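Number of protein chains: 2
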Amino acid sequence: MLLVNGEAKDYIPVTDRGLQYGDGLFETIEVRGGKPVFLKQHLARLQQGCLRLHIPVPSAQHIGCEIVALLEHSDHVTWQSSDCVLKIIVTRGSGGRGYRPPDSVEPTRIISLHPSPDYPSSYQLHGINARFCQTRLGLNPLLAGIKHLNRLEQVIARAEWSTLDIQEGIMLDINNHIIEGTMSNIFFSKDGILHTPVLSHSGISGIVRNLVFTLAYRHHITICEHFFDKEMLLSADEIFVTNSIIGIWPIKQLETTVFRIGSLTQQLQVWLDQLKKE
Amino acid sequence: MLLVNGEAKDYIPVTDRGLQYGDGLFETIEVRGGKPVFLKQHLARLQQGCLRLHIPVPSAQHIGCEIVALLEHSDHVTWQSSDCVLKIIVTRGSGGRGYRPPDSVEPTRIISLHPSPDYPSSYQLHGINARFCQTRLGLNPLLAGIKHLNRLEQVIARAEWSTLDIQEGIMLDINNHIIEGTMSNIFFSKDGILHTPVLSHSGISGIVRNLVFTLAYRHHITICEHFFDKEMLLSADEIFVTNSIIGIWPIKQLETTVFRIGSLTQQLQVWLDQLKKE
Chain V
-18 MLLVNGEAKD YIPVTDRGLQ YGDGLFETIE VRGGKPVFLK QHLARLQQGC
32 LRLHIPVPSA QHIGCEIVAL LEHSDHVTWQ SSDCVLKIIV TRGSGGRGYR
82 PPDSVEPTRI ISLHPSPDYP SSYQLHGINA RFCQTRLGLN PLLAGIKHLN
132 RLEQVIARAE WSTLDIQEGI MLDINNHIIE GTMSNIFFSK DGILHTPVLS
182 HSGISGIVRN LVFTLAYRHH ITICEHFFDK EMLLSADEIF VTNSIIGIWP
232 IKQLETTVFR IGSLTQQLQV WLDQLKKE
Chain L
-18 MLLVNGEAKD YIPVTDRGLQ YGDGLFETIE VRGGKPVFLK QHLARLQQGC
32 LRLHIPVPSA QHIGCEIVAL LEHSDHVTWQ SSDCVLKIIV TRGSGGRGYR
82 PPDSVEPTRI ISLHPSPDYP SSYQLHGINA RFCQTRLGLN PLLAGIKHLN
132 RLEQVIARAE WSTLDIQEGI MLDINNHIIE GTMSNIFFSK DGILHTPVLS
182 HSGISGIVRN LVFTLAYRHH ITICEHFFDK EMLLSADEIF VTNSIIGIWP
232 IKQLETTVFR IGSLTQQLQV WLDQLKKE
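Residue numbers (the numbering used here), protein chains in the order written: chain V, -18 to 259; chain L, -18 to 259.
These are calculated hints, taken from the structure and not from any lab test.
Mixed in with the good hints, there may be bad ones.
Copies of the same chain look alike in the list, so a pair counts if it works inside one copy or between any two.
Below are the DSSO-like pairs computed for lysine-lysine, each with C-alpha atoms no more than 30 angstroms apart in a straight line [as the list claims (entries may be wrong)]:
1) Lys16 <-> Lys258
2) Lys128 <-> Lys68
3) Lys257 <-> Lys16
4) Lys(-10) <-> Lys68
5) Lys257 <-> Lys211
6) Lys21 <-> Lys68
Since we're looking at a predicted model, the values are computed, not measured.
Sequences and hints are given; from them, build the entire structure.
See below:
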């Protein structure tokens, strides 16, 4: 289930700068009941990323029509396409000499549907097990926050473990600050205050992460964005990770430290579900 | 002129991890008189990169045969294929769930020939003009030195200028240390001693950079690898940049500071040409 620049095909030219240099961006979006969840926010982030990388912003209307076309013609797939994962990749397209982008660019849009990962509901209800990754994130203010295609750090970190009893790896930067999970953002609460890492030098600014900020402001929960280390994280009352597909997963165990699934995490899960329906 | 896993085609599946995550490596090799120059060194670096990224090392024999096949069947191209550029890309291939690499990987090999860039010989003989880039390189010991496909920093830096009178941009890291050019490594000489940046936290460890070390040792020239800033670079006697396609280009002007094309740079150019023939 793939559209490349609106055409049904599953390949791109080798010359595409997405392959040559990771010169592009992506979004991973939950589809529930046949509708992309938080699509407006995903398209806004995609637009922001394009502006930061100076890639011409693809028309949201184009992308919207292509998503509808994909979802409408997905009857023949064997998996349940009304609840699935939608991925959008935008690259700078082909051309240019070496690193230098061509003067006139025609970006590539790749829109695809994928079966939902088969995460048990217990992850959401009773929490997950997590570990600390050995792989350290680099520091790069230029690219921090952007969901771009240069993702070797995450690939290497995620390859650190293959046991099924660990669901996420928590990544530190080279200064030993906690930054994020390999595929998620991280929050913890302590004495009723929410904490999450600053993403000024590393990390991806997640859609659900931003929504947790929105919910915290709306419900008068203090939220504090700062640099913190392993020890501070391990002294938390509650920890949870977020992304667009998992929503909010509490961490019940991080390395050898056990955490309770607290009321703040559960409340945020309820509020996030309500936001999805708004 | 392209071979993908030995087959003549010019596209790859969208699922390739080279596109999805920049999960791969590349080499850019000079072809002179129908022969790839320093091929052994390029294949060794490719192998080192694969080992560092845990990508199965493609057989050098396979790649060698494919290069020969490409060069032998390039008669119909309009450009001069006996003197051209050979590019090798190796990606981790398709598959895996999210960032997690698949348990069993079949890497993708992409081998292609390109016309040589039309650099005037004056660049080599009389030097080039260079500027300092605004774009700062991040710090990432995990990936430093590797010629991987995560190259957004270089793309953004190279997009800073389009005037034809500037041939290279010199990049600093976020600590304001000089690291490299957008497409080259950098050296300077001061009082007969060669200096070049440490690449422990950023930068690509170039083949010609390594050969300059070899030549310096062979000819008893002191070479010093360390962190230095703009001011130190601008106080140099001679500056030059290196890569596999350009060889050694002296810098005759960096921003407003003018440099002479000194005897050390010229001597290294001669020795490098001799190495090519060995």
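Now the hints, each set against the structure:
no.	hint	result
1	Lys16 <-> Lys258	within (11 angstroms within a copy, 63 angstroms between copies)
2	Lys128 <-> Lys68	both (12 angstroms within a copy, 28 angstroms between copies)
3	Lys257 <-> Lys16	within (10 angstroms within a copy, 60 angstroms between copies)
4	Lys(-10) <-> Lys68	both (15 angstroms within a copy, 26 angstroms between copies)
5	Lys257 <-> Lys211	neither (32 angstroms within a copy, 51 angstroms between copies)
6	Lys21 <-> Lys68	within (14 angstroms within a copy, 40 angstroms between copies)
Of the hints listed earlier, the one the structure fails to meet is number 5.
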